[in-house]
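Got chain D; can you put chain L on it based on the hints?
2 protein chains.
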Amino acid sequence: MKSLHQLARRQALTGLAMPRVLCSQNIAASRTWQRAFSASTAAASQLPDLDASKLTITKTTTPKEPMDSKDLVFGKYFTDHMLSVEWTATDGWHAPRIVPYQNLSLDPATCVFHYAFECFEGMKAYKDSTGGIRLFRPNKNMERLNKSSARIALPTVDGDALTKIIGEFVKLDSRFIPDARGYSLYLRPTMIGTQKTLGVGPPGSALLYVIASPVGPYYPTGFKAISLEATDYAVRAWPGGVGDKKLGANYAPCILPQLEAASRGFQQNLWLFGEEEYVTEVGTMNLFIALKNKETGQKELITAPLDGTILEGVTRDSVLTLARERLGPKGWNISERKIRMSEVAEASEEGRLIEVFGAGTAAIVSPVRNISYRGKMVECGLKEDEEAGEIALQMKNWIEGIQYGDEKNPWSVVI
Amino acid sequence: MKSLHQLARRQALTGLAMPRVLCSQNIAASRTWQRAFSASTAAASQLPDLDASKLTITKTTTPKEPMDSKDLVFGKYFTDHMLSVEWTATDGWHAPRIVPYQNLSLDPATCVFHYAFECFEGMKAYKDSTGGIRLFRPNKNMERLNKSSARIALPTVDGDALTKIIGEFVKLDSRFIPDARGYSLYLRPTMIGTQKTLGVGPPGSALLYVIASPVGPYYPTGFKAISLEATDYAVRAWPGGVGDKKLGANYAPCILPQLEAASRGFQQNLWLFGEEEYVTEVGTMNLFIALKNKETGQKELITAPLDGTILEGVTRDSVLTLARERLGPKGWNISERKIRMSEVAEASEEGRLIEVFGAGTAAIVSPVRNISYRGKMVECGLKEDEEAGEIALQMKNWIEGIQYGDEKNPWSVVI
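Each protein sequence line maps, in turn, to chains D and L.
If you number the first sequence the way our numbering does, the last residue is 424 and the count never jumps.
If you number the second sequence the way our numbering does, the last residue is 424 and the count never jumps.
One chain only, chain D, in its complex shape (with noise of 0.2 Å):
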């Protein structure tokens, strides 16, 4: 067994931990390892993964008047049920429950608190047009999950068991999400530690809970381009760390220096690393550069490599295919690769920048019009009148089109 442990940490490690779906073993030998520095003494590969069939649902008796639509702000207002699943290093995954929307009732020393042992997930469920709900890459999201719960010594869960009781919850709770386009139901998957002592190691226990929140359109009057500040005296993530997670760790250190480039003017940071001022990711999305290529000419759609430090995106994944198999053909370069800030600022200069982007779940892409660098305005390609060019444009409606259905598309899951 203690190759599978090792195996298993090292995998966690090195950022190559999987999910049940794609390869069960490893996720056997993490339930193992957890266990082996548990409490527990019971044999690891006898604990029980998550079983959609054993869901129950206990409904509110004091059901909720969906907000309107107009007055929706991302994330403050939530659905009637929420769904929770509590996980011990004995039992494994315990019976899935939906429940009434509800405080968490937690110990003050419960780890959570104090070292940070959570990790979230960010995805949409929406109406089409037939009033069918679809999820979009499911399986992306569950993988990343299992992913950043095995970094940080959380459980990871069958991802495919976790899908289906998600799909459970949004059929519920499903007159919540708005029927026009642009609007979806924003999904929360979040695992928390909720061992209760503060001594520092593997957590015992942990709740996977998930939380809905209906939301409209990101830029409900149009596309706005936004400004941003190029970040070199903070640093998000570093080689070795665990910046390509989505762990909470990684977030509320952001905060103090989205409020220094905000008090500038600007919407959100550009963070650059290193002496050589790489482009890494911006705000809280991944950051897309299209420009033509100094030496050849070609056009080049670049976005940063998966090194460790850069989040792995799930519209960036969508972003890269979808621009290789669209964009590859008419000619386009499609590119993971290390950009220096010096590089963006030249090609901006000699008129090479075709247009800059972030792509995240919220916003699918969000036009980048300038970007503030050692004190003089980088100018991302846009005219005056404009607030998107084109591949951000034509990206937003791909994408869209698959998320609602207009286009059939394997991504694309009708729950």
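No wet-lab data here; the hints were simulated from the structure.
Fair warning: there could be bad hints in the mix.
Same chains, same names: a pair is fine if it fits in one copy or spans any two.
[Claimed, not checked] Keeping only pairs whose Cα atoms sit at most 27 Å apart, straight-line, the calculated DSS-like set for lysine-lysine is:
#	residue 1	residue 2
1	K73	K205
2	K233	K85
3	K68	K205
4	K205	K180
5	K385	K303
6	K339	K301
7	K85	K173
Since this is a predicted model, take the numbers as computed values, not measurements.
Frame of chain D; chain L shown alone:
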């Protein structure tokens, strides 16, 4: 006002934010920028700070029996009460309350669960030989708490006022402090963000609470030297990051490497940094290295400098201060400097390594027997039948003497 906001933010970023006890203007400024980016509209300077005179006490109706001293486990059992203070961006710090130890009831959207808005302190209360109760350098903990909280956009607090009400809390639950040498009451001040929305931004509300756990000596049967594994594949902290703050975010990512080391029989990681393999910290302690300098032959006590990647340990500072005061005159050179792991290995090989020990609140000092480095064991100066070196032993006695009031010293504060 804008310059003040900027000052406070910059100070937090550069690790210069100071608690009110040291610099009231900074705190006012910190509160100001908090408010500037929160929902409030009232004038920042009028926001109430913590007011110890408003403390209310609600005693438990079901008092517990203190555990048998021999059964104590670090951070597992708690006293009858807890201290609790709420903060809101609109009203500042509310009246502090001592209430029966109880669960926290929090909305599942609360930002502490998602973005790691959490920081903490570790400090101890000691019973002296006359039955008096003492804290050890509480101002240092208050100072660090404020640096930590400001760095993640949580409110700062009047450290003197907080120390005063912590004193009241400890006195109320003083029957839980075992009155034997080596025993104490471990105190865990904790601050969490409590805003219940999923937007990533500065929390508009927070909760500061303190819980207390009776603890026994770290080494009940005398010192036991530990073995470390020098770790280079995972990185704890980075320049421009937050490794010098006591944030929850710094802890969960360290568990997996700790399990890796444990699986090979090592008690802790020794975190190396960069290509130079600089020695930084060990597990959850600072590290001290005593050696004979290669060039001068002088005895040197070395610890890593506070370059932003090193936790500003209270015990670290105490060891340095006492060493300068008491070892300096005996010919020791006390150095805060970077040292490569290869230099430590070389000193060991050449018989110049005198001793190595960790320093932290839990154990005061923790002697190191050896360090696994690049497949070799670096012996750290202890003879086979020795469990602690002379300096570690002396430090423990000096610090413990002050903590328990045997030696009169302003570091020890009677409450």
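Original post:
How would you label the pair K73, K205 (within, between, both, or neither) given a Cα cut-off of 27 Å?
Top reply: So K73 and K205 pass the 27 Å test across copies only (18 Å; inside, 33 Å).
**OP:** Please work out whether the CA atoms of K85 and K173 approach to 27 Å or closer within one copy, between two copies, in both situations, or in neither?
**Re:** Within one copy, since 25 Å is at most 27 Å while 37 Å is not.
Original post:
Taking 27 Å as the upper bound on the Cα-Cα distance, should K68 and K205 be classified as within, between, both, or neither?
Top reply: Classified as between: cross-chain Cα gap 23 Å, same-chain 29 Å, threshold 27 Å.
**OP:** Pop the pair K385 and K303 into one bin, within, between, both or neither, using alpha-carbon distances up to 27 Å.
**Re:** within (21 Å within a copy, 49 Å between copies)
**OP:** Go through the copies and call it for K233 and K85: within, between, both or neither, with a Cα cutoff of 27 Å.
**Re:** within (22 Å within a copy, 52 Å between copies)
Subject >> Within, between, both or neither: K205, K180 at alpha-carbon 27 Å >> reply: between (34 Å within a copy, 24 Å between copies)
Original post:
How would you classify K339 and K301 at a CA-CA limit of 27 Å: within, between, both, or neither?
Top reply: within (14 Å within a copy, 68 Å between copies)
The structure shown violates none of the earlier numbered hints.
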